[in-house]
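Peer 1: Residue numbers (the working numbering), protein chains in the order written: chain U, 1 to 212; chain R, 213 to 772.
The set of hints was computed from the structure by calculation and includes no laboratory data. Mixed in with the good hints there might be a few duds.
[As the list claims (entries may be wrong)] Simulated restraints, written as ranges between beta carbons of each label pair:
hint: 1; chain 1: U; residue 1: W93; chain 2: R; residue 2: R360; range: 37 to 45 Å
hint: 2; chain 1: U; residue 1: I64; chain 2: R; residue 2: I243; range: 16 to 24 Å
hint: 3; chain 1: U; residue 1: W93; chain 2: R; residue 2: V486; range: 55 to 63 Å
hint: 4; chain 1: R; residue 1: L344; chain 2: U; residue 2: V172; range: 20 to 28 Å
hint: 5; chain 1: U; residue 1: W93; chain 2: R; residue 2: S374; range: 36 to 44 Å
hint: 6; chain 1: R; residue 1: L344; chain 2: U; residue 2: E145; range: 50 to 58 Å
hint: 7; chain 1: U; residue 1: E145; chain 2: R; residue 2: V321; range: 53 to 61 Å
[To be verified] The list that follows gives simulated cross-link-like pairs (lysine-lysine, BS3-like), each with its CA atoms no further than 27 Å apart:
hint: 8; chain 1: U; residue 1: K174; chain 2: R; residue 2: K295
hint: 9; chain 1: U; residue 1: K174; chain 2: R; residue 2: K283
hint: 10; chain 1: U; residue 1: K174; chain 2: R; residue 2: K281
hint: 11; chain 1: R; residue 1: K258; chain 2: U; residue 2: K174
Cβ coordinates follow ideal geometry from the N, Cα and C atoms, glycine included.
Spelled out from the first residue to the last, the chains are:
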Amino acid sequence: MSAPPKSAASYGLCSCHVCRLVSRRTDFSAPALCPRCGTLLHFRRPRSVTRCWALLIASFILYIPANTLTIMETGSLISYRRDTILSGIVHLWNTGSYLIAAVVFIASVTIPLLKLISLTLLLISVQRRSLWHPRERTRLYRMLELVGRWSMLDIYVVTLLAALVQLGNMAVVKAGPGAVAFGAVVVLTMFASMQFDPRLIWDPMQRKETHD
Amino acid sequence: MTDQNDKPDLSDVPAAVSEPRRRFSVQLVWIIPIVAALIGLSLAVKAFIDRGEMITITFQTGEGMEAGKTKIKYKDVQIGEVKSLAISKDRAHVVVTAEISRDAKGLLVKDTRFWVVRPRISGGNVTGLSTLIGGSYIGVDAGTSTDRRDEFIGLETPPAVSLDVPGRQFVLRAADAGSIDTGSPIFYRRYQVGQVTATTLDKDGKGVTVTVFIRAPFDRYVKTNTVFWQASGIDLSLNAGGLKLNTESMVSVLLGGIALETPDRNPPTQEAPVDAAFPLFASKDDALKHGQLGVPFLLTFNESVRGLVVGAPVDLRGVTVGEVTKIGVSLDRSRTEFSMPVEIVFYPERLSSANARGKSADQAKLADYRQLLDQLVAHGFRAELKTGSLLTGQLYVSLDFPPHPRPASIRWGNSPPGFPTVPGQMGQLQKSLMQIIQRIDKLPLEQLTGDAGKSMHSLDSTLKSADKLLKNLDNSLVPEARSVLVEARQSIEEVKKTLGEARKTLGGANQVLSSDAPLQTDMRETLREVSRAAQALRVLGDYLEQHPESLLRGKKEDKP
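Construct the entire structure; sequences and hints are all you get.
Peer 2: Here is the structure:
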């Protein structure tokens with residue numbers, strides 16, 4: 001098969017978001033409802049790119065305080081520490097916990113950053129109707145979806161410790177404002193990747209075909 | 213969009229229901245990044261506003277400090293944190309860079325002091341124990357200046373008194389620091405009223421400057437005529453006044469301290485201003501002597517002044533009214549004689565006569581005392597050396613009215629004025645001893661010894677002739693004497709025999725006389741008989757007395 005397969009949208013077919021019933025639309029300018037469940041029908045996720053951009057930008061903004069603000073405060077009789085994500089990793093590394101430091105670094109720094117970058121990449125390519133490696137871009141999206149939830153590792157640790165270690169003056173662990181920002185980054189990137197419609201990656205192919 | 217050519221059969225796909233166009237133009241999703249941006253901005257602004265002041269503090273050592281950990285605390289409240297530690301360019305100091313929080317910026321003025329709080333044992337108390345667990349921190353004492361500053365030189369030891377304690381600082385100048393150190397207590401009537409804040413050696417090396425801080429409200433007891441002395445340790449002195457032991461509190465015995473006292477003056481003196489300078493005396497006596505009007509006098513003695521020392525008391529019937537300040541020797545070339553000039557300081561104020569009270573001008577007082585002393589000297593007031601203690605041989609100068617003084621007067625013209633003296637008792641004693649010795653010296657001892665030699669010669673010859681005589685006697689008398697002795701022995705033996713016989717006789721007599729001897733028994737019997745006879749005689753006598761007629765008529769017959 002030399003030419004890429006035609007999309008359903010090119011035939012005027014549209015799938016309901018809720019009940020997944022495929023229906024035929026005749027008037028593309030007017031909104032249409034699903035004949036079975038009455039949900040508003042769209043060919044593609046409505047304003048996918050815009051929403052994705054909005055969430056992504058919010059994530060980018062919050063990524064800065066997430067890394068610069070204190071994520072965890074640990075106080076004990078002899079010391080009092082306020083750690084950001086990076087200082088915590090450095091502390092772990094310095095105290096010899098290389099494996100944990102590496103895991104935390106990958107889960108809390110690399111993955112969120114890669115997610116942000118790859119989502120940006122996808123969005124730009126979609127907006128530019130790029131034809132570059134659609135398959136690989138789709139794979140990237142799949143990986144994004146898969147890996148996104150694991151970024152919450154830090155938040156799990158902090159919330160668990162804050163809940164468990166409450167020994168009055170002896171030892172205390174508190175979540176810092178950085179934890180909130182970091183949690184927001186993770187959640188927002190998950191929403192952003194949910195908002196992204198991967199079918200948009202393939203739409204330019206259709207156009208190219210038709211123009212040819 | 214749709215391609216008409218190869219359209220699949222879509223007849224069985226249900227058609228979508230048409231819907232009128234909705235007005236839904238506002239894209240709410242953009243609220244999210246706006247909110248995020250606002251949060252981020254507010255955080256940035258807050259961080260900018262809360263940004264602390266960066267300061268540098270220079271210390272001798274970085275002991276106990278750690279970048280990012282060591283706190284800066286004012287009154288135990290954290291106001292900042294050490295950000296970095298570095299060695300100064302000349303490698304002599306440690307430069308601490310610290311961030312002071314925004315609300316404590318007001319503390320960063322010229323005279324604010326920083327020091328490292330470590331566990332310390334000094335000045336009789338233990339401080340900074342909490343740092344054993346929590347680690348050292350940098351303490352701050354807020355300055356009062358308004359001159360802002362961001363570079364400080366840290367103190368190596370904590371300041372003894374923090375700047376916000378009310379009170380006044382004074383400067384004392386001493387010959388030596390004694391056992392005074394920073395933090396040494398200051399006592400007023402043995403009550404602690406302040407502390408030594410610093411001791412420094414003067415730049416010219418000729419003394420020590422002690423900075424002291426007297427807490428309010430006690431600082432008002434420091435007047436312009438207040439005297440300070442070292443109340444350090446134990447003051448044990450042995451002089452003509454005897455053995456003296458003086459101590460302040462046990463703390464000052466161990467750590468040294470300063471005591472102060474304000475002598476009563478009429479009218480009361482002014483309070484001393486801040487940073488007023490005072491001399492610091494070595495002892496209470498020194499301090500109290502100071503501040504009194506002293507008049508120097510020169511006493512010239514001809515006798516030895518051995519045992520007299522500088523500081524020896526000038527005594528007036530047991531009351532110390534001055535002290536010896538200088539002892540010298542001077543040679544009178546014309547007469548080749550030594551005399552001992554002794555300078556004293558006399559405190560006329562101690563002769564507190566009633567009419568001298570209330571005068572304020574010192575000069576007027578002095579004139580008064582001149583007059584008074586002139587009168588006294590005219591009445592025979594003199595100085596003499598006396599022995600304070602026979603044990604130690606210490607001398608003191610006594611002022612009194614000795615018997616039969618030669619007329620004299622104070623030579624006010626000299627400097628210092630000469631005060632008339634009389635030879636001391638020791639001197640007189642020496643003089644009379646000398647006279648005795650001179651008399652002994654005058655005796656014709658040599659002639660006497662010559663005579664004695666002659667006498668000895670004649671005695672010798674006499675003894676020799678006596679010896680000869682004795683020998684002659686020996687030759688002629690001894691044989692006769694021997695025969696005489698033999699005879700005498702014989703006689704003695706006879707006497708001995710005679711005595712033995714006598715003893716026997718006496719033994720017989722003894723037997724006769726003993727209680728159970730027959731003679732004795734007989735005697736007793738006889739005596740009893742005699743006694744009975746006497747009784748019968750008494751009966752007869754009685755009868756005859758009652759019946760005298762019976763002599764004539766005979767005894768009457770008993771009537772029936």
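Peer 1: Against this structure, judge whether each hint is valid.
Peer 2: Structure-based check of each hint:
{"no.": "1", "hint": "U:W93 with R:R360: 37 to 45 Å", "in the structure": "holds, 41 Å"}
{"no.": "2", "hint": "U:I64 with R:I243: 16 to 24 Å", "in the structure": "holds, 19 Å"}
{"no.": "3", "hint": "U:W93 with R:V486: 55 to 63 Å", "in the structure": "holds, 57 Å"}
{"no.": "4", "hint": "R:L344 with U:V172: 20 to 28 Å", "in the structure": "holds, 21 Å"}
{"no.": "5", "hint": "U:W93 with R:S374: 36 to 44 Å", "in the structure": "holds, 43 Å"}
{"no.": "6", "hint": "R:L344 with U:E145: 50 to 58 Å", "in the structure": "holds, 55 Å"}
{"no.": "7", "hint": "U:E145 with R:V321: 53 to 61 Å", "in the structure": "holds, 60 Å"}
{"no.": "8", "hint": "U:K174 with R:K295", "in the structure": "holds, 23 Å"}
{"no.": "9", "hint": "U:K174 with R:K283", "in the structure": "holds, 20 Å"}
{"no.": "10", "hint": "U:K174 with R:K281", "in the structure": "holds, 18 Å"}
{"no.": "11", "hint": "R:K258 with U:K174", "in the structure": "holds, 21 Å"}
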